[in-house]
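K.L.:
Residue strings, one per chain:
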Amino acid sequence: MQPAQKLLGADDVRRAITRIAHEIVERNRGVEDLVLVGLRTRGVPLAHRLQRTILECEGLPVPFGELDVTLYRDDLQSTALRALQSTQIPVDISGRRVILVDDVLYTGRTVRAALDALIDLGRPRGIQLVCLVDRGHRELPIRPDYVGKNLPTAPEDTVKVRLLETDGVDEVVLLSPAGAGARAEAGRD
Amino acid sequence: MIEQRPAPYTDVAPSAAVSAAAGGGPGRRRRHVLDLDDYAPAEIEEVLSTAEAMRGILARPIKKVPTLRGRTVVTLFYEASTRTRVSFEMAAKALGADTVNISASGSSVEKGESLLDTVRTLRALGADTVVMRHKSAGAPYLVASEINASVINAGDGWHAHPSQALLDLFTVRSHLGRLDGLKVVLLGDVLHSRVARSNLWGFTHMGAQVVLCGPPTLLPPASFGCDGLPWPATVEYRVDRALEGADVVMALRLQTERQAAGLLPSVREYVHQYGLTEERLAMAKPGALVMHPGPMNEGIEIDTAVARGVQSVIEEQVTNGVAVRMALLYLLSGLSADQARGA
Amino acid sequence: MARIRLTGGRVIDPASGLDDVTDLVLDEGVVKGLSRGSGSADGETVLDVSGYVVAPGFVDLHTHLREPGFEDMESLRSGTRAAAAGGFTTVCAMPDTSPTTDTGSDVEALLRMARRDAVVRVLPVGTVTKHREGRELSEMADMAEAGAVAFTDSGRMVKTGALMRRALEYTLLTGLPIADHVEDPDIAGGGVMNEGPTATRLGLRGVPHEAEEVAVARDLALARLTGGRLHLAHLSTAGSIGLLGRAREQGLAVSAEVTPHHLTLTDAAVAGSESGRLYDANARVSPPLRTLEDAEALLQGLREGVIDCIATDHAPHRIIDKNCEFDDAAPGISGLETAFGLLMRLVHAGRLDLATLIAALTVRPSRVWGLPYGTLARGAPGDLVVLDPAQAWTVDPGRFLSKGKNTPLAGQTLRGAVLLTVVNGTVVYRNGL
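Protein chains in written order, with the working numbering: chain A, 1 to 189; chain B, 1001 to 1343; chain C, 2001 to 2433.
Each hint should be verified, as a subset may be incorrect.
Claimed, not checked - Label-pair ranges, simulated between beta-carbon atoms: (1) B:H1175 to A:G168: 35 to 45 Å; (2) B:A1040 to A:S86: 21 to 31 Å; (3) B:A1040 to C:D2020: 56 to 66 Å; (4) B:H1175 to A:S86: 28 to 38 Å.
Don't read these hints as lab results, they were simulated from the structure. Using N, Cα and C, we set each Cβ at its ideal position, and we do this for glycine too.
When you get a sec, could you build the whole thing from the sequences and use the hints?
P.N.:
Have a look at this one:
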């Protein structure tokens, strides 16, 4: 009986964020015109950490925003309705390069919704995508620009990113159906 | 003879009936919005916070999201209305829905088509949401029982106008920061007012203290007393006493027909006794909010100076109406027609 | 006519005070008598009714049969078949037909149609004023001669006090009662349900209790003035019982009826207490369903004899007249087929004994209007009913024999069923016997 399999630990997460922060700065030759936008829920603390890391190494604060894409989703009818959260981006994104941050990239539908939402807010000069984990199985032609870790998974698996800010711990775990069964059984003891 | 009639032993049954009709209740997502009587505070809270997010969308350059793309919202109005119908239409369009407007004049209703015939037509044409207004209390319940679409009551007779009450709650809370413990005065023709009834449910559910004030002929009959009211509200005939310490004063529209119906000696006397003037408003707390569900008879139930004064949030009520109606349309959308049929 | 022997039943005949397990024989259309355990004669139909109750056929003083004129709502045929299914062997046909029953020939015409179509006894009730318009008195003496049993402007109060006075004076000639729909239309003010917290909550216009009580007070005063014969239809409020009780103490010649629904239901039914549907138009009735306190007072009045009897006010309507906005719905309940089961709620709840219930449906209405029915005395018309007070059944309006499917009780389980109905020695309804 195997528990949830830990794919990344706290150190792995920290290193990935540090690396991505450097990649962003390198690729954009600085941080001018950048705006970091975290996708609710766990993209938001990730974007926040990226902002901090960039501030530490570049000494410049990158504007930071939060995006709720619920109203742009294409699966309203099939998922349980979620509570709406607000979208807050403190700067006009028009003419800026938006760094969109999400925790797990999977089918690409959430990112699709986020692209629509961003474009309704203005006309950015470009949009780049960060994800902590890319687990494959894309249903749309979307690819990340910065990846923390590529993780091959089966479609029936669940990849769970947990962050200090939201879950009290930094880790990425794989919940496979067998693992889920094991947990259920453990729960009965 | 003022005899105390027994308390409403029906207290439980109607709520249960509403829940069954509306599909609300614990663990189930509401299918219709017919009245606020069976809304739990948490559910009202959900509508208000969703409306907050919707207000953000309305503040953007592109005031439109694709959430309800491909859905059809029908507004079915058997009574004339500008603000409510337009407000729902704007809300539906901001969420990307298609809208179809039907009003009693210029439709088959004029040829004597029954409400249910019209509704069956809408059902056959595949409406997803029907927003309806009707002169008869309860008409939306009849429609809800015959259609698999969601029904939103936009006013039925004297009975209810839930979206208006929700936008009133939203407006008050965004100004005063809370609802709990506020003193809210509903001033005027409470008896014939669906806005008053829905606000009675809304404000009392959220912990506000509601005072009904108006001439005795325009309040619920006194024969069964305050204890017999379906709401924990108090009745005060004298306006000065009612307004004392009020946080919110909502003047209700006075239909001038009430004089012809023998309910008022004259509109003039009403204005003299109950019109919301600056002097009267001074009895309320400093900064008390002035509200009116519209359309206003300026100079009758409310003085122009008060209606346009600094304490008035009347225009804002209209603006907030769109956000609140977007929230309602969004919250109903989680249940597709197919799921509703299965439910 | 065949001889019928009912064996082993509990025979309850309040007229004679009988409540005993015995056989009952009908022959030649009349009650032949009681016998215990004697053998059956040749050619006799024998029905074993052990475990059931045998009672006189029910007598309904207030039945809307709708024919002539509104056969899409009910006809003499459908209405009397419904009556038979409800255990009623005599029904008094309300005159609010088209044309209204205003003259002796109208009464004769109705009786002729009834001979052709009716399966139970139909007794015509004439109007008090022509076309129920409250202007001129109808030809009450001619109608009495032709066979009318009472007069009413059914559905409307006799319009003015002056007319009511004349009508009551006329009863000194006919000896027949004026049955008034006691509701002051001005005070009722277009209300659609009982005025009270439920109406306030639902935003529906209410009819206050006093709309009835003012009318009762007027009629009682005029009965005192004239010495005329007054019958108060379908009383609904505790206050009316009070007024009526005082009038009786003063010796006025007044009688009164109450409906099964006012005894058992309250205005909560409008909010779905029976059907689960808010704004249940099938609970719209005139006078409106009142409060629990009123229902209690009505029941007490019935038990104590302040109220004489139960009458159904069977008011069948078309589906489209009920499946519509509450304000537009026609008032009335299709009540013949549910009356006994609904009233048995009171018996099962221990609030009314079966013998009193049967009396209120048989001998008491008969006596009040001077009819020779409602008894199993030897030689009485062979009208009887076999009842199973315990049998549970579910109300399905689709299976009503009445054309009126309008009942707030659809889907409710009632305990108390009619198994057999016999009119003049002929079986007119049989259900599982």
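K.L.:
Hints first: check each against the structure and report whether it holds.
P.N.:
Against the structure, the hints come out as follows:
| no. | hint | verdict |
| --- | --- | --- |
| 1 | B:H1175 to A:G168: 35 to 45 Å | holds, 37 Å |
| 2 | B:A1040 to A:S86: 21 to 31 Å | holds, 23 Å |
| 3 | B:A1040 to C:D2020: 56 to 66 Å | holds, 59 Å |
| 4 | B:H1175 to A:S86: 28 to 38 Å | violated, 19 Å |
Hint 4 from the earlier list is the only one contradicted by this structure; the remaining hints agree with it.
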